[in-house]
Amino acid sequence: MSDAPAILPERGIADRLTALFWRHPRLLLAVLLTPPLLWLGVVYLGSLFALLLQSFYSIDEFSGVVKEEFTLKTYAELFRAQNMDIILRTLLMSAAVTIGCAIIAFPIAYFAARFARGKWKAVFYLGVMLPLWSSYLVKVYAWKLILAKEGIITWAADGVGLSMVLNAILAIPGIGGNSLSTSPLGTFIVFVYVWLPYMILPMQAALERVPTSMLEASADLGASKAQTFRTVILPLAMPGVIAGSIFTFSLTMGDYIIPQIVGTSARFIGLAVYQLQGTAGNIPLAAAFAVVPIVIMLIYLTIAKRKGAFDAL
Amino acid sequence: MHSDRASWGLKIAAVGGLLFLHLPILLIFLYAFTTEDKSYQFPPPGLTTQWFGVAWEREDIWPPLYLSLWVATIATVLAMILGTLVSAAMARASFFGREQISLLIILPIALPGVITGMSLRSAFSIMDIPFSTWTIILGHATFCIVIVYNNAVARFRRLSGGILEASADLGANSFQTFRYVLLPNLSTALLAGGMLAFALSFDEVIVTTFTAGQQSTLPIWMLQELVRPRQRPVTNVVAIVVFVATVVPILIAFYLTRGGSETAGAGK
Numbered sequence: 497m498s499d500a501p502a503i504l505p506e507r508g509i510a511d512r513l514t515a516l517f518w519r520h521p522r523l524l525l526a527v528l529l530t531p532p533l534l535w536l537g538v539v540y541l542g543s544l545f546a547l548l549l550q551s552f553y554s555i556d557e558f559s560g561v562v563k564e565e566f567t568l569k570t571y572a573e574l575f576r577a578q579n580m581d582i583i584l585r586t587l588l589m590s591a592a593v594t595i596g597c598a599i600i601a602f603p604i605a606y607f608a609a610r611f612a613r614g615k616w617k618a619v620f621y622l623g624v625m626l627p628l629w630s631s632y633l634v635k636v637y638a639w640k641l642i643l644a645k646e647g648i649i650t651w652a653a654d655g656v657g658l659s660m661v662l663n664a665i666l667a668i669p670g671i672g673g674n675s676l677s678t679s680p681l682g683t684f685i686v687f688v689y690v691w692l693p694y695m696i697l698p699m700q701a702a703l704e705r706v707p708t709s710m711l712e713a714s715a716d717l718g719a720s721k722a723q724t725f726r727t728v729i730l731p732l733a734m735p736g737v738i739a740g741s742i743f744t745f746s747l748t749m750g751d752y753i754i755p756q757i758v759g760t761s762a763r764f765i766g767l768a769v770y771q772l773q774g775t776a777g778n779i780p781l782a783a784a785f786a787v788v789p790i791v792i793m794l795i796y797l798t799i800a801k802r803k804g805a806f807d808a809l
Numbered sequence: 725m726h727s728d729r730a731s732w733g734l735k736i737a738a739v740g741g742l743l744f745l746h747l748p749i750l751l752i753f754l755y756a757f758t759t760e761d762k763s764y765q766f767p768p769p770g771l772t773t774q775w776f777g778v779a780w781e782r783e784d785i786w787p788p789l790y791l792s793l794w795v796a797t798i799a800t801v802l803a804m805i806l807g808t809l810v811s812a813a814m815a816r817a818s819f820f821g822r823e824q825i826s827l828l829i830i831l832p833i834a835l836p837g838v839i840t841g842m843s844l845r846s847a848f849s850i851m852d853i854p855f856s857t858w859t860i861i862l863g864h865a866t867f868c869i870v871i872v873y874n875n876a877v878a879r880f881r882r883l884s885g886g887i888l889e890a891s892a893d894l895g896a897n898s899f900q901t902f903r904y905v906l907l908p909n910l911s912t913a914l915l916a917g918g919m920l921a922f923a924l925s926f927d928e929v930i931v932t933t934f935t936a937g938q939q940s941t942l943p944i945w946m947l948q949e950l951v952r953p954r955q956r957p958v959t960n961v962v963a964i965v966v967f968v969a970t971v972v973p974i975l976i977a978f979y980l981t982r983g984g985s986e987t988a989g990a991g992k
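So the protein sequences, as listed, match chains A and B. Heads up: take any position in the first sequence, counting from 1, add 496, and you land on this note's numbering. Heads up: take any position in the second sequence, counting from 1, add 724, and you land on this note's numbering.
None of these hints come from the bench; they were simulated from the model. Here the structure is a predicted model, which means the values were calculated and not measured. Idealized CB from N, CA, C, for every residue including glycine. Only true hints are included.
Facing chain B, a subset of chain A residues (Cβ under 8 Å, in silico):
#, residue
1, T514
2, Y540
3, L747
4, M749
Model the full assembly from the supplied sequences, consistent with the hints where possible.
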């Protein structure tokens, strides 16, 4: 007869730690969480805090040296006419891009959610995911080729005899320009293209959750297809649209590569931040400019949350 | 009863939308073979393969390529370690501040890149940290954590807690359970997350321009060529390289997570 205990003997430090974690599950949690939280807390939150701090500094107009004293002067500079122009232009573009994305995304999301089965479901899934993940810069570059004056669009318009239409569009002030690649319209097209997958995915997720029984009930109650669409499908898809619009709006607002490569030289918030911190060396004003999208997104997110958009993420 | 067939208008709009997403990228491949090097003329006046040789000979492309590969590798390794740790903590336990932590993980990718970039730039400026390869890696690893996290946490949720208890009942300690039970179950999700993180880092340009200083990663090299073109067809060749270097890991990631409840990339 052995009086050995029913538990195994300890085989070293690993077993002892296991026992410790077993008795104190919080300890294991702390061990797991400390490195990532330290990283995100120090690197990321620390940086965000540095951004805020910088935005309350100002730059000495004569020496160009950053004065490390608290001031609201830099924020006041945002309200100058030229800077307000930049902010308004960015907001307008973000809104237009969001609407454009929503319109193009809807049929794709709707078809993928309601009608695509089997092989087609996979095609649509990969067909949206691949452009989402593939190189951002390559996508922008492709559009530089397409929209160039000597590019495929001009060629195609000539080929089908629509160059008159193209020229008429380019002649519209405020939208057009010398060629598509140097017009605000071109900037808009590239933005819509690049952020489109971000709109499709949440939209599709929302549409997939619309129960078929509800559509049948709507039809049973005598609604036409158009009525069902307007009164059942569209309201239920709305949280998805809002979730998608968070991405398209925020991404457009922060982007500075696309307006630099395709479009006029008119500045957007992102470009202003980039130029101010780089060539101009005015880090405080750059930081203040970067705070603008944060504030706008916080307002946007608060509204979106009330509309229940986060259930669709 | 409502009919369950898509109308032709919807089909055309949906397929048209997919084509809109894909055709532009194909054009890059055509342009890499054009004989025209002064403009973006379409259709190309002639086709040639000489630009691949020219690009190969160009000395200024290799250092950015090496830098990009190096940065993406280190950032991916860091993100995989940190992302796995945090997903292990978040998958099971419920604790105070859980919601805040999940927000903190997502924030670097939810806010526009220009904010992440400018924040890091402000911090480097305040703390007098000189730009280096490590400042680039710092930024990349930060926004790659969420990619690994998303993949790993989905797999953790699917994993039944029973197998961990079974492992303990059979006398394995935590480390043995991790090595022989948890890791084999997690490995494809982690690999997929790593692949996506690599692709994201290899291609990243917005944050990088704020943290690179004078150094050039391959995307920064490409951006400079886009703003001031020197030899357009060479840029086309580099564009293909960048495209392939991002698409191959992405396809592997999708393959690794196919059929699961989790979907790779859903959280970009």
